[in-house]
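J.: Spelled out from the first residue to the last, the chains are:
Number of protein chains: 2
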Amino acid sequence: MELNEALAKLAELQKKMYAYNAASSSLYLDGTTVAPKDTAEGRGVALGILAGEQHKLFSAPEVGELLDFLWEHRDELDQLHRRQAEELRRSYAQLTRIPADEYMEYAMLTNEAGDVWRRAKEKGDFELFRPVLEKLVAFNIKFAGYYDSSKALLNEYERGVDTAYLDEFFATLRERIVPLIHAIGEKEQPDDSFLRRHYPAEAQRRFSDYLMEVLGLDRAHCTIGETEHPYTLEFNNKDVRITTHYDEDNVSFSMYSVIHEGGHAKYELGISDDVQYTCLAGGVSMGVHESQSRFYENLIGRSKPFVEAIFPRMQEFFPEQLQDVTAEQFYRAVNKAQPSLIRTEADELTYCLHIMVRYEIEKQLISGKLAVKDVPDTWNRLYKEYLGIDVPNDRQGCLQDSHWSGGSFGYFPSYALGSAYGAQMLKNMERDMDVWGPVSRGDLSQVSGWLGEKVHKFGGLLEPADVVKNACGQFDPTVFADYLEKKYSQLYGL
Amino acid sequence: MELNEALAKLAELQKKMYAYNAASSSLYLDGTTVAPKDTAEGRGVALGILAGEQHKLFSAPEVGELLDFLWEHRDELDQLHRRQAEELRRSYAQLTRIPADEYMEYAMLTNEAGDVWRRAKEKGDFELFRPVLEKLVAFNIKFAGYYDSSKALLNEYERGVDTAYLDEFFATLRERIVPLIHAIGEKEQPDDSFLRRHYPAEAQRRFSDYLMEVLGLDRAHCTIGETEHPYTLEFNNKDVRITTHYDEDNVSFSMYSVIHEGGHAKYELGISDDVQYTCLAGGVSMGVHESQSRFYENLIGRSKPFVEAIFPRMQEFFPEQLQDVTAEQFYRAVNKAQPSLIRTEADELTYCLHIMVRYEIEKQLISGKLAVKDVPDTWNRLYKEYLGIDVPNDRQGCLQDSHWSGGSFGYFPSYALGSAYGAQMLKNMERDMDVWGPVSRGDLSQVSGWLGEKVHKFGGLLEPADVVKNACGQFDPTVFADYLEKKYSQLYGL
Numbered sequence: 006m007e008l009n010e011a012l013a014k015l016a017e018l019q020k021k022m023y024a025y026n027a028a029s030s031s032l033y034l035d036g037t038t039v040a041p042k043d044t045a046e047g048r049g050v051a052l053g054i055l056a057g058e059q060h061k062l063f064s065a066p067e068v069g070e071l072l073d074f075l076w077e078h079r080d081e082l083d084q085l086h087r088r089q090a091e092e093l094r095r096s097y098a099q100l101t102r103i104p105a106d107e108y109m110e111y112a113m114l115t116n117e118a119g120d121v122w123r124r125a126k127e128k129g130d131f132e133l134f135r136p137v138l139e140k141l142v143a144f145n146i147k148f149a150g151y152y153d154s155s156k157a158l159l160n161e162y163e164r165g166v167d168t169a170y171l172d173e174f175f176a177t178l179r180e181r182i183v184p185l186i187h188a189i190g191e192k193e194q195p196d197d198s199f200l201r202r203h204y205p206a207e208a209q210r211r212f213s214d215y216l217m218e219v220l221g222l223d224r225a226h227c228t229i230g231e232t233e234h235p236y237t238l239e240f241n242n243k244d245v246r247i248t249t250h251y252d253e254d255n256v257s258f259s260m261y262s263v264i265h266e267g268g269h270a271k272y273e274l275g276i277s278d279d280v281q282y283t284c285l286a287g288g289v290s291m292g293v294h295e296s297q298s299r300f301y302e303n304l305i306g307r308s309k310p311f312v313e314a315i316f317p318r319m320q321e322f323f324p325e326q327l328q329d330v331t332a333e334q335f336y337r338a339v340n341k342a343q344p345s346l347i348r349t350e351a352d353e354l355t356y357c358l359h360i361m362v363r364y365e366i367e368k369q370l371i372s373g374k375l376a377v378k379d380v381p382d383t384w385n386r387l388y389k390e391y392l393g394i395d396v397p398n399d400r401q402g403c404l405q406d407s408h409w410s411g412g413s414f415g416y417f418p419s420y421a422l423g424s425a426y427g428a429q430m431l432k433n434m435e436r437d438m439d440v441w442g443p444v445s446r447g448d449l450s451q452v453s454g455w456l457g458e459k460v461h462k463f464g465g466l467l468e469p470a471d472v473v474k475n476a477c478g479q480f481d482p483t484v485f486a487d488y489l490e491k492k493y494s495q496l497y498g499l
Numbered sequence: 006m007e008l009n010e011a012l013a014k015l016a017e018l019q020k021k022m023y024a025y026n027a028a029s030s031s032l033y034l035d036g037t038t039v040a041p042k043d044t045a046e047g048r049g050v051a052l053g054i055l056a057g058e059q060h061k062l063f064s065a066p067e068v069g070e071l072l073d074f075l076w077e078h079r080d081e082l083d084q085l086h087r088r089q090a091e092e093l094r095r096s097y098a099q100l101t102r103i104p105a106d107e108y109m110e111y112a113m114l115t116n117e118a119g120d121v122w123r124r125a126k127e128k129g130d131f132e133l134f135r136p137v138l139e140k141l142v143a144f145n146i147k148f149a150g151y152y153d154s155s156k157a158l159l160n161e162y163e164r165g166v167d168t169a170y171l172d173e174f175f176a177t178l179r180e181r182i183v184p185l186i187h188a189i190g191e192k193e194q195p196d197d198s199f200l201r202r203h204y205p206a207e208a209q210r211r212f213s214d215y216l217m218e219v220l221g222l223d224r225a226h227c228t229i230g231e232t233e234h235p236y237t238l239e240f241n242n243k244d245v246r247i248t249t250h251y252d253e254d255n256v257s258f259s260m261y262s263v264i265h266e267g268g269h270a271k272y273e274l275g276i277s278d279d280v281q282y283t284c285l286a287g288g289v290s291m292g293v294h295e296s297q298s299r300f301y302e303n304l305i306g307r308s309k310p311f312v313e314a315i316f317p318r319m320q321e322f323f324p325e326q327l328q329d330v331t332a333e334q335f336y337r338a339v340n341k342a343q344p345s346l347i348r349t350e351a352d353e354l355t356y357c358l359h360i361m362v363r364y365e366i367e368k369q370l371i372s373g374k375l376a377v378k379d380v381p382d383t384w385n386r387l388y389k390e391y392l393g394i395d396v397p398n399d400r401q402g403c404l405q406d407s408h409w410s411g412g413s414f415g416y417f418p419s420y421a422l423g424s425a426y427g428a429q430m431l432k433n434m435e436r437d438m439d440v441w442g443p444v445s446r447g448d449l450s451q452v453s454g455w456l457g458e459k460v461h462k463f464g465g466l467l468e469p470a471d472v473v474k475n476a477c478g479q480f481d482p483t484v485f486a487d488y489l490e491k492k493y494s495q496l497y498g499l
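Each protein sequence line maps, in turn, to chains A and B. If you're matching positions, the first sequence starts at 6 in this note's numbering and goes up one per residue. If you're matching positions, the second sequence starts at 6 in this note's numbering and goes up one per residue.
Okay, chain A solo, but in the shape it has when bound:
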């Protein structure tokens, strides 16, 4: 094989993968937005077949040979092609290490498990979910055996991060955040009842348009839709969609979901043209992606300068609801820290403890130290220990998240890592430039510019660990703990 020929094949393979991804994304987008209610079956048939075709395309022996050939010639490749070959070779090895029949069996299991989980959650009946979860765990234990087991749990979502790294991270959080939360528990809570006045969806939609503008999201390349659960979906760096959900009795839900998803969108839209239609397009890892969404949502969006900057305009969108509220009151309300049961509704401070519970349980499940039947008890015990609250039932307990039913073990830590990365980025950003002057005028262009240069533009051109190093320096979870301690000490007068 000539090198040029191999590179042409490499480009073609990646464009095909892009096309399959775009097809599946489009069907997913449709299914969660405008599709008629009773149409999931036919979409499921199409999605299943496309996934199978994509798997067949990528797992073919010729692909392995092509990638090996390119890897042998890696010294003759430019960075772009070397990284493509490296990434694809790793994915290929990961995919083909799992025997095809096990892969298909697992795909069918995760498909079935989603339905079972939904029914179990509705009924709050863990026993209904238990047999499926046992199978899922058994598969993941077996899969872990095909890789380096110390890295397996997170390998898929956060390459370069292993159990030792996470243990240290969560130990720091446990040590620093748990006492902070207990101290806040002694203090008086701010009034946040005005967040739950009636905020008509139509006014919230207009407010979202304004937030998109503040975030600098170009509507010709990024639209906002409505779904039950907010998400960001990227086709390429010219075509990103975010969604939100309007709760008429809670203005902060859609507000912060738009800023959060907007952060994901900024990342995707900021990725360089060079890597489009290749495996390097798209954010480099879940953790880095969450660092961006949480940067906009929490570090900027829940900062005092930002709230003060946009609050007067917000009062124009909601004059009746917010006329008797000050920016200071609003700032305190959206930063109220209080242990709660549901991860997705948790505040910035307590959120990472929800993740810690899940991380502990996943680690023990995959290492075989915890039996699936004991998950509810362990869950409830850890919620008491970390968050100081009693879990009344499994629906609001260990059945609340969809992740395990989809086979996503090891996904949760990325959420918390993202927050920690973000805190380090902010520290570096503050060293490099005046962050808060422009933000206090509602101008996020400098913030976005910094993130664009340090994170966004690379896409997958750098390894996740190198993007983190580039924007954060050496990973140091105490920076995140310092940030939280400072912010919440001020807020609660500790």
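Treat the hints as calculated values from the structure; they're not laboratory data. Among the clues, some could well be false.
If several chains are the same, the list does not tell them apart, and a pair holds so long as it fits within one copy or across any two.
[Unchecked claim] No more than 25 angstroms apart at the CA atoms, straight line, and that leaves these computed lysine-lysine pairs for BS3-like:
#1 K128 / K309
#2 K42 / K21
#3 K374 / K147
#4 K432 / K341
Here the structure is a predicted model, which is why all the values come from computation and not from measurement.
Since chain A is already given, all that's left is putting chain B on it; use the hints.
T.: Only chain B this time, still in chain A's reference frame:
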């Protein structure tokens, strides 16, 4: 090969084709509805690759062998499988008769031609479009040579219909309709100015919801969206989407587009479960599809009993706009027959003459009797001859339709055939049952029931000609001419 094995492969092949179709449909739907404005490029890349993959899948030699094997064993197959093998074998032969390089070249040409046509139309500059159209015609002449040339022009859209069949059809129309239009030209036209009062989009949306209900379209399986040009898109018999466009200065546009697309949707939703995810799913031909949309739109939707049935409710949706209008006035206004320039805006009577012009030109182009450079003159001469009007420019003349730029030669006659089939269906329906009693009460369930049994349920299980025979009897264009003559003689007092 065992027969069972072959049947399993047949099912798998068709499910894959379904998945590719669903993927492309979903991307198309997205692109025409919610996608951000400047995102066509990435979608184009995905659509092009998916089309290529689908082509590769279906044109593989193993598919030819499989289909030949099944055809050899056709006596052992049930009707469902025999028809699948027959249909796919025909498509396979049609596809593989064209050399792969010519097929790809043609695909790229039609892709490019769309843009060129749009620019040419904007500028009203036929010369800009001419070189591309010449290439398209040359390809189609060459392709026709690969088939039976007397059937080639329509073969793709209306199997069983050949040039002799169409010549007779259009000769009848020319003989009967042209004089009728000239006679109407001498008569006074009804006032239809009230159709162009201001009708807010929001009220039109609610009116569309009502029309969907009248049509008996189950919203759990069929939604209505908004696009520049209305269309119907089917994923399967449980998932169909229609779109419309709300012109605030013209209430009849969206009203009749909803009824028209609703007719297409009724067809798709009425197809039997047996043929889903096979090549027999979906309407059997363009002509039969148009027979259904036009049946609902014109034969029912523009009938006096239907207008009288829904007009009181319509006045509730548009109280200010329609308070001084009677059902009789409304009926006359939506049936105003007047030669005009634009096909898509033409009335029921003059519409088929627009088609006749295009048919004449296509026939002469493909037979080599007309040079592309002479299309505008021929177009203008025929519009004068059939419709009695002068074409002021090519934008409103031979550049108005997108069909040729997409390589769709021979598509137009299906529109007119559909109307003619519909008239014969109505005649048979009136013989079988009381059509107008229920319609005059706004109840279309019996009409839909008849069409469901005679047309819808079969999908592609019968040949197009057999569906036509089943619902119409022997094709007889004089029935359509009789219908038009009777309706318009009454309307205009001839």
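J.: Give a verdict on every hint.
T.: Taking the hints in turn, this is what the structure says about them:
no. : hint        : in the structure
1   : K128 / K309 : neither (41 angstroms within a copy, 54 angstroms between copies)
2   : K42 / K21   : between (31 angstroms within a copy, 24 angstroms between copies)
3   : K374 / K147 : within (15 angstroms within a copy, 71 angstroms between copies)
4   : K432 / K341 : within (23 angstroms within a copy, 72 angstroms between copies)
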